[in-house]
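Peer 1: Since the structure of chain L is already known, use the hints to place chain S on it.
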Amino acid sequence: MLFPTLNFGLFFVVVFFLAWGAARWPVLRIWVLIFASYAFYAFWDRRFMALLLGSTILNWVMGWLVHLSRSERGRKRAVGVAVALNLLVLGVFKYFNFFSESLNNALASLGFRGDLPYLNVALPVGISFFTFHGISYVVDLYRGKLARPAPFSHVLLYISFFPQLVAGPIVRASFFMPQIAAEPDPQEIKACRAFLLIVGGLLKKVVIANYLATDLVDDAFFDPTRYGTLDLLLAVYGYALQIYCDFSAYTDIAIGVAALLGFRFPQNFNQPYRSLGLQDFWRRWHISLSSWLRDYLYIPMGGNTGDWRRYRNLMITMLLGGLWHGAAWTFVSWGALHGSALSVEHWLRQHWPRAFTGPVWRAVGIFVTFHFVCLTWIFFRAPDFDHAFLYLDGLTRLGEPVMLASPFILLLVFGTLAAQFLPADRMERIEAAITRAPLALQGAMVGFCIVAIDAFGPSGVAPFIYFQF
Amino acid sequence: MALEQSMDHRVPRALPPAVIDVMAPAGVAPLRRVAGAIFAAVLVMALLGSEALLNWANDLPISATSDSILAAAQSWHDALSREGLPEVATQLRTAFRRFQGWGK
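Chains L and S supply the protein sequences, listed in that same order.
Going by the numbering used here, the first residue of the first sequence is number 1, and it counts up by one from there.
Going by the numbering used here, the first residue of the second sequence is number 1001, and it counts up by one from there.
Chain S extracted, bound-state conformation:
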């Protein structure tokens, strides 16, 4: 502290604080609800992002475990495809590509 004070004269203008805590004014929530929110996020991603999950499984290094993961990801994607859920991501991608190409 004394050293800090002795150094203060070297910088005459007011300095911004060394550490700005970006989270300081943020609201808080208990663990149980946060865990629920993370579970909800994972569920939505699993339901709508089954194609991304399948691509990820395809890229895993080949092994007995990754074969099982790939088979499970394929079954999951097939089951959701019958319900049309992966279409949401496809439609979003198509709309975005159309927007990207607009005016070209």
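Extracted from the complex, chain L is given alone in its bound form:
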């Protein structure tokens, strides 16, 4: 059930009225949301509902073990086992075949016969997200960010809550569990902001991301040998904006939907293509994942302590971040490129800090960062290394005729890029202008915008890119 469909619209309206209708009975409200979330997941793939439930039971039990362990050593052991079991589940479903194939290939190249088996299992939708939510629950208990284990129903809702279930944002247990425990306040629904996020998200996904994909990016990446420098450069800009619009649209809609149900989600994107350097980029792109990796992986490994260890930790974090996105060496290379460049940037900032100040750096920094990120997107988007290198090769083919650049596509690419430089408080300004209208009129405007977006978009809705992760 994709967000930009009538199925989801009808589902949400029913859940909205049922959940708020049960608001006077908090336990009933929680169970309404749990049933809605499992129904939402069943629309995707009912085979893996048991896996979702099993993951919840595992983390709830491990949470109690962490809490009941008397010694620090016991607590550490319990949290270690919990993290290992979560990663084992993720490894079996997402990475088993990848590692099998890689080992078989490595053995074959050494002259041995690789006979490691392959598993015939589908990738459960959202497994990367609900596994990280499970880890967050146990680790937050261990760190004392949650005072005591939550009731089972609360953990059930935290891990399965439908707006964030299949593609995030990654909401930490310490941020979300208190919201489940608190009584919802029907007098304080952040409706106007929620409407803005939902309509903006639909526009980004249905119109911008879809047309960038169908009219520009898909053709260029399918056969890069057909195109020259300008087309391929435009297409990689287009992909950078497509993946941004696609993924930020999903999380914007998720944040808006959760807000209408009385919950708060964290911000996930903050105009990432205006970043001054890669450190800045990772503070603006998929913030819930990058800060999760920082706090649950990078810092526990030692963080910034020691020169060489800092770079080792950065590389490990980014390699695993790449692998988290998909079981393929292209994703690992994407992580490796980011890790290497981040290490260089850390070194330069430490040894040559004056280079990162002043107006020249501001202009050059944004330009270089954007183009480096675009370069890495080629490895992220290409189905394999052959395609990625064909693409890079094509970027040097000067003088080829331009075939993909229509005025509409140029407007989409450069208009969306320019929007990255709008003021940071743009949402507050728009909201301030809209809230003058009565809420019913705002609702009617939302309805009209949805009809218009549906009319503008191509027929059918492509799945969100991050569903595959």
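If you are wondering where the hints come from, they were derived from the structure by calculation, not from laboratory data.
Please note that the accuracy of each hint is not assured.
What the hints assert, rightly or not - Selected chain S positions facing chain L (Cβ under 10 Å, derived; list incomplete):
1. A1029
2. P1030
3. V1044
4. Q1100
What you are looking at is a predicted structure, and each value in this text was computed from that prediction instead of being measured.
Yeah, the Cβ is synthetic: ideal placement off N, Cα and C, and Gly gets one too.
Peer 2: Frame of chain L; chain S shown alone:
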């Protein structure tokens, strides 16, 4: 908390907050008015998007229930077509297609 503090030395620069609450400064409204706004949105979509509703009903798996839904969606669309309301979406689509093809 103690663990948090003990880890702080590992990251000397000030870190951005782990969780940025995007909804923090937003204005609020009571449930009754929000429900009214959602009702208004659904009403506008039902009036102007009857063609999309009909397409959705056409795509439902075949069953007695979906036949009834399809018949209702068809009647609704026919009734609104007599008033010219689905034309709004058609006109928007035509204008957008013209804009898409501009300069080609």
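Peer 1: Confirm or reject each hint.
Peer 2: Hint-by-hint comparison with the structure:
For the restraint placing S/A1029 at the interface with chain L, the shortest Cβ-Cβ distance is roughly 5 Å, inside the 10 Å limit, so the hint holds. Residue-level restraint check for S/P1030 holds (minimum Cβ-Cβ distance to chain L is 5 Å; threshold 10 Å). The beta carbon of S/V1044 is positioned within 10 Å of a beta carbon in chain L (closest approach about 3 Å), and the interface hint is therefore held. The interface hint given for S/Q1100 holds, since its Cβ lies 5 Å from the closest Cβ of chain L, which is under the 10 Å cut-off.
The structure is consistent with each of the numbered hints, conforming to all of them.
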